[in-house]
Amino acid sequence: MSMLELRGVSKSYGQGDAEVHALREVSLTAGEGEMVAVMGPSGSGKSTLLTIAGTLEEPTSGEVLIAGQPVGKTSRNAKARLRRRVIGYVFQDFNLLPGLTAAENVSLPLELDGVSARKARVPGLRGLERLGLGQRAAHYPDQLSGGERQRVAIARAMVGERRLLLADEPSGALDSANAQAVMRLLLDACKVGGMTAVVVTHDAQLASWADRVVFLRDGQVTDQTAVAPGPESLLTPERNQ
Amino acid sequence: MSVPHALLALLSEGPKYGLQLREEFEARTGEIWPLNGGQVYTTLQRLERDGLVESDGTGEEGPRKGWRITAEGERELATWLRTPPDLSSPPRDELVMKILVALYVPSADVHAVIQAHRRYLVELMQQWTRIKEYDAGSDVTMSLAIDAELFRLDGLARWLDAAEARVNRAATEGGPAWAGQAGPANQTRAPLPRHRREMRIRR
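Just so you know, the protein sequences line up as chains G and F, in that order. So in our numbering, the last spot in the first sequence is 241, and the numbers never skip. So in our numbering, the last spot in the second sequence is 444, and the numbers never skip.
Treat each hint with caution, since some may be false.
[Unchecked claim] Covered stretches of chain F, going by a simulated chain G footprint (3 or more residues, C-beta under 8 angstroms):
{"#": "1", "stretch": "360-367"}
{"#": "2", "stretch": "388-397"}
{"#": "3", "stretch": "400-406"}
[As the list claims (entries may be wrong)] Pair by pair, the computed Cβ-Cβ distance ranges are:
{"#": "4", "chain 1": "F", "residue 1": "VAL346", "chain 2": "G", "residue 2": "ARG76", "range": "51 to 59 angstroms"}
{"#": "5", "chain 1": "F", "residue 1": "ASP327", "chain 2": "G", "residue 2": "ASN95", "range": "46 to 54 angstroms"}
{"#": "6", "chain 1": "G", "residue 1": "GLN143", "chain 2": "F", "residue 2": "GLY279", "range": "53 to 61 angstroms"}
{"#": "7", "chain 1": "G", "residue 1": "LEU112", "chain 2": "F", "residue 2": "LEU341", "range": "48 to 56 angstroms"}
{"#": "8", "chain 1": "F", "residue 1": "ARG305", "chain 2": "G", "residue 2": "ALA173", "range": "52 to 60 angstroms"}
Keep in mind the hints are simulated off the structure, nothing from the lab. Every residue gets a Cβ at the ideal spot worked out from N, C-alpha and C, and that includes glycine.
Make the full structure from the sequences, and use the hints.
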């Protein structure tokens, strides 16, 4: 079953001559345990696609399904619950709250969902430890490096029973080594944790971590990568003769 | 890849047999530059002729013959390591040529041509990333070799992005994409600046 499905989703802003088509008839699926990258230049509609997939915006037309359920007709409360419990977001600029420690930032979504601070602390700490940040739990964001901040943000996006990770240029502000580490964590979340991830990026090297890469241009899906052949195809001696 | 210098590097660790050199070469270059056995042994003979290695003089030519590096070989290796390769002229890149040619072909959809190459590059990068993550493990040499390939492919992918943006800009400003500046299609093209005329393409 697809964890996320977009069916013919269009989004436009403004009207008449000022109308801008951010997305046109976009269809996209991401299965359980799958990592999909969406690549495209600035202004191609990547971020709009992600905000609509995350129910933060309504499409002008078309349908979004999460875990097989159409979200278009659900109430605002139901969508908010979906965002608190099922969907995790990772942003380029981390979006950590500066006045909270790493552990408090990670457990915050659970607290917002009604879990007591004391109970929420346990999965929060576990999430940090899973990402190698157990020793940093009591640190504030300004005491962490960029790479550590993004790992905290990923831990926050995964805390609880979340199943869908939406990441908007999650490595954009990081150096190459930290950017690769972030992609490795997101891939692990899918392959080990069974989550589904949709990662928006303009960077081919980061997109290459994904199972499938979808190309977006002028608000339309123009292409996608085929299922890659096994690594043996690149390692056979004949290739070099 | 300079096979002679790779063999000198392996012998700089200490004397080794021919078979050992062949196995270590393959292990250290992460199977990315495979060699056949004969290539190893003929290269060793050439190095011996040039005084860069010595054989133990026992046994027949082949896997069981022992080899060690000479002082001259050590000097040659040190010089080679510090000498940058000649990168002064741009390589003849078939992908680049295809995009440049597509600009002149009236029936070619340049965006579709660019996208076909971009998809292929990303698919290759997906495979290399998988190999690095799942097969390279703690093999630093293999990981470095794959990183080099990933950065090379990434450079081409970035060039395609820049090429597409440039083609779009040229189309918006009017005039054919190849003209490189706004103006009517029949505009007389200015002669190339001197530095462009002199840019040599490696063959």
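How the hints compare with the structure:
no.	hint	in the structure
1	360-367	holds (count 7)
2	388-397	holds (count 4)
3	400-406	holds (count 3)
4	F:VAL346 x G:ARG76: 51 to 59 angstroms	holds, 53 angstroms
5	F:ASP327 x G:ASN95: 46 to 54 angstroms	holds, 48 angstroms
6	G:GLN143 x F:GLY279: 53 to 61 angstroms	holds, 60 angstroms
7	G:LEU112 x F:LEU341: 48 to 56 angstroms	holds, 55 angstroms
8	F:ARG305 x G:ALA173: 52 to 60 angstroms	holds, 57 angstroms
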